[in-house]
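Enquirer: Below, each chain spelled out in residue letters.
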Amino acid sequence: MNNVALFDYLNLFLYAVLPYVTLVVFFLVSIQRYIGHGFTYTSLSSQFLENKVHFWALVPFHYGILIILGGHLIGFLIPGQLLVWNSSPLRLYVLEITGLIGGVFTMVGLVNIVLRRLTSVKAQMVTTIADWIVLSVLIFQVGTGIYTAVFHSWGSYWFATSMSPYLWSIVTLSPDISFVTPLPYMVKMHILGAFAVIFLFPFTRLVHVLVVPNPYLWRKPQMVRWYYDRKRIRTTEFETPKH
Amino acid sequence: MDIRSQISMVFHLDKCIGCHTCSIACKNIWTDRKGTEYMWWNNVETKPGTGYPTQWENQDKYQGGWKHDGGGLKLKSTGKGKIIANIFHNPHQPTMDDYYEPWTYKYEDLFNAPEGTDQPTARPISMVTGEFIQVEAGPNWDDDLGGSEVYAQNDPNLEGLSEEQKQQLSAIERLVFFYFPRICNHCLNPACVASCPSGALYKRGEDGIVLIDQNRCRGWRSCIAACPYKKTYYNWQTGKSEKCILCFPRLESGQAPACFHSCVGRIRYLGVLLYDADMIDEMASKPENELVDAQRDMIKDPFDPKIIEAARANGIHDSVIKSAQKSPVYKYVKEWGIALPPHAEYRTMPMLFYVPPMLPVMSSFDGETVKTLAEGIFPDFDKARIPMKFLANLLSAGNENHVRYALRKEMAIRHYRRALTVGDIEMDAALKLLTEADCTPEQADAIYDLTSLCTFEDRFVIPPAHREEAIQMTRDPLEHKQSVGFGLREEPKRGA
Ligand code: HEM
Ligand code: SF4
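Line order of the protein sequences matches chains W and X.
Residues 1 to 243 (the working numbering) make up the first sequence, in order.
Residues 1 to 496 (the working numbering) make up the second sequence, in order.
Keep in mind that the hints were calculated from the coordinates and are not lab data.
Among the clues, some could well be false.
[To be verified] Below, in silico cross-link-like pairs of lysine to aspartate or glutamate (EDC-like), each with a Cα-Cα straight-line distance of 20 Å or less: (1) W/K122 to X/E136; (2) X/K326 to X/D304; (3) W/K220 to X/D276.
Computed from a predicted model, the values in this text were never measured in an experiment.
Given only the sequences and the hints, what does the whole structure look like? Please build it.
Expert: Below is the structure:
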């Protein structure tokens, strides 16, 4: 077998097989964990133990990553509209700079998260190997992301034309790796990093993202739970006999 | 009208001796696990003092509870918008430093120390990090006014007192203090429940106990900031919040909660109140000086046929209504009007009420005789060592009338009992005092009995839980035979 064929197989594995392995693991394990070990779905906050660096770590990280993920989602869902938006250079710059700022925020947050966990003895008491794996992978992912944004501009433009179709080809179960194979090395690293993050989700604290508050915005302030059907049980017809 | 039943409590502050037995009973049962060492679901504070966590009553700092402005009733800092914006970092969440770092001692050093000229010592080690620590504060560091310049003088309830009053409070020959035991108030309008983004906190419909569903809690920590009494706690090990459960497993089997059961001073009373849940919003929105009355208005007469009918229609069992009729809490709060809700101005409608302490020392000893400070026999509360304003800030949202009313009645009963048993006070004078204190001799006897001669059954009138019925009626137990028993069980282990 020559090298070219080997690379073909490797590409096929990385971009057409791996995404499915990742997704299947993600869904199956997340659901299994929710049903079997629902107790472990929590943010595992450590603000209680260390509150000085906490703000400068968790806040920039989360606001940054949510901006970035939002951007990726837009590129994935409405690539056409994105291209229209980008047709004016000014708007393209605004978008790119917002993205870059988001990326930098995320990275600053991540670095602070790592420093915080290295320096606070109390925070170390609740730091696990899994935390270090998650943080390393996230740093890798955000690092390759920022590199891509700076050196392979304009991301918001080519994402719509090559990444979005690739992702859709995955979703529609007809993986087309021709969109990704010509991409630069760093971008490929970023794609593989994404699979790693998704793969890590169900095994780590990242599950907290899956249970972000949802009925909250709609529900009434007070919650009451009854142990018995009030109307059915406690009416006189069911009353216990009087002695 | 939406009549519900609520297991409620009265703590009689005149009887509290500050022994902390309640706290220890609770700790041994519920909070001796990793991550909960620092929690005291039940704690006893010295007042004046800053309490636990330090300065919990300072809502400028912690921003807990509700506020009422033009737009209605709102959570102070834990409304929906603010919780979502602050979910990654809550600026008002107390941290371990606000409570204390739990510690134990390295006892093995006492046995393993090599022979030497010094006595071996057991140095304190942190129960969080396992390292040696310098102990700087504890949950009751200000017991009996210890370190009062740091603690007592920073009590938030001193607000509104004159400079003179504040200075007198720390003058050595005028020192005064009392104990203030606290548990979760199992509020009618709980801020903790309202703030939870996951809907993990709830009130039990049958008895009003406020609980945190451990499987639903996601560690967003909003309840910690929301509860103005700081009675939800974050378990740093499991990443879940926890709180006083009013020993519901004990209550369901007819036993008093551990802190009630173990109380040496027998200061604790427990019983059912019937209240109208439709009135919560309106009553919690009243102006501050009307809040105590508003809360009393919500509590309904369990003998009133209309209330009984409404309670029945709402599924409240006859046995629970009967229990409400015997409730000692109803007597103290409604009939006699001498038990008051702490910090009603937080607007959570706490269902733990306090009988204010009659501690004003109103006599002095000049070396030979004891002199009453007040002219005549009726004490002048304004000459008492503890300013009425202080008690009012703590127990009646600043409205001194309620505190005066309660204290006057308690004092009148003392005179009346003295006239009866010692006889050095004219009965006519005592009866006059009773009338002035809005009390009849019958009521005085009843208050005296329940305060001084109360048995276990008088103090704890626990309504039957009827859980047996609940399970049988909603599900066929035979259906569950040989399957999972009482539901899936999972060890409360921290996730990765
Ligand atoms: C709206 C969605 C999200 C919410 C509400 C949320 C909330 C939280 C909270 C409350 C914490 C605990 C912070 C503390 O220690 O007090 C946390 C930690 C963390 N979150 Fe999120 N998060 C969200 C999205 C994400 C996303 C998208 C990621 C990354 C893919 C992420 C990664 C992390 C990580 C790695 C930590 C641990 C940081 C550390 O090591 O201290 N979160 N999150
Ligand atoms: S005292 Fe605090 S924790 Fe208890 S019910 Fe009221 S608001 Fe909730």
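Enquirer: Any of the earlier hints contradicted here, and which numbers?
Expert: none
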